[in-house]
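Model the full structure from these sequences, guided by the hints.
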Amino acid sequence: MKKVCVLVKSCTYGMASPGEAYRAIIGLAGMDVDTSAVLVDDGVFAAIKGQDPSVIEMQSLELAYKSIGEFGAKLYIHKESMEKRGIKKDEIIEANMLDTDALRKMINEADAVITFT
Amino acid sequence: MTVGFMIRTGPYTSQNVDTFYEIAKRLLKKGHNVKAFLYEDGVLNVNSKINPPGERNIRDRMQELIDLGAEIKLCGICAKFRGQKKSDTIESAKHAGMAFLVSLIEKSDRFLSFGF
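For the protein sequence lines, the chains are D and G, in the order given.
For the record, in the first sequence the residue sitting at position 82 is 562 according to the working numbering, with numbers rising by one throughout.
For the record, in the second sequence the residue sitting at position 61 is 1172 according to the working numbering, with numbers rising by one throughout.
Some hints here could point you the wrong way.
As the list claims (entries may be wrong) - If you want the footprint, here are the derived chain G segments under chain D, 3+ residues with CB under 8 Å: (1) 1195-1204; (2) 1217-1224.
Stated by the list, open to error - Below, computed lysine-lysine pairings styled on DSS-like, alpha-carbon distance capped at 30 Å: (3) G:Lys1141 - D:Lys483; (4) G:Lys1218 - D:Lys554; (5) D:Lys482 - G:Lys1160; (6) G:Lys1141 - G:Lys1218; (7) D:Lys482 - G:Lys1136.
It is worth saying that the hints were derived from the structure and are not from the lab.
Don't be surprised by glycine CBs; every beta carbon is placed ideally from N, CA and C.
Right under this line is the structure:
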């Protein structure tokens, strides 16, 4: 089975990228591809708890990323990106934390890397 | 060798699809296989109504790759969101879903993703 690493790098709602990444993640994982989703740079904002984008008529990315485990994907959050933005662990949804070295290793070991900037 | 591509940007705004065209053309001419999945604005690259006066025609370039043997498919949902019907799409580029992306990744020896 091939390993796919999906990097989500842009901020919630300003770009379609985190939402489109979510569609790709559940599509891949739902078809039994070994899929790891990594929120990195501004992508970490997708993990903030208590999002309510109904006022801008968009779907909640918090709920989206919270659900990817149900499709078989693994969710990771880049530790340094989170710290740089002053986000604390109790402010985000449940996810695996990874540092830059672990991220580098994951990218090296992946058969395919899809970056959503 | 089979090389898989994912193109996430449309025509004329960025160079991504032009880079894809140049790489894919050379691969095909050397006898390699090329498969591509057009995602998000990438679906617009096979819009049959593309008509740039005096400029390179991206639609024709995609058609050229298909004629050389490339398999190019576009995300049906992305096309729907952008109001691009099948009748607005070059005939040889077929609508597909994530299953195509999965098979593309599974079958490719190399995978290249072009986005922002």
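Evaluated hints:
Check on the stretch 1195-1204 of chain G: 0 of its residues sit with their Cβ under 8 Å from a Cβ of chain D, so the three-residue criterion for coverage is violated. Coverage of a stretch by a chain is defined here by at least three residues with a beta carbon nearer than 8 Å to that chain's beta carbons; for the stretch 1217-1224 of chain G and chain D the count is 4, and the condition holds. Taking the CA atoms of Lys1141 (chain G) and Lys483 (chain D), the gap is near 28 Å; set against the 30 Å cutoff, the hint holds. For the hint linking Lys1218 (chain G) to Lys554 (chain D), the alpha-carbon distance of about 23 Å falls within 30 Å, and the restraint holds.
The suggested pairing of Lys482 (chain D) with Lys1160 (chain G) is violated, with an alpha-carbon distance near 37 Å, which exceeds 30 Å. Distance check on the hinted pair: Lys1141 (chain G) and Lys1218 (chain G) sit about 19 Å apart at the alpha-carbon level, within 30 Å; holds. At roughly 26 Å between alpha-carbon atoms, Lys482 (chain D) and Lys1136 (chain G) fall within 30 Å of each other, so this suggested pair holds.
The structure fails hints 1 and 5 (numbered hints given earlier, in ascending order).
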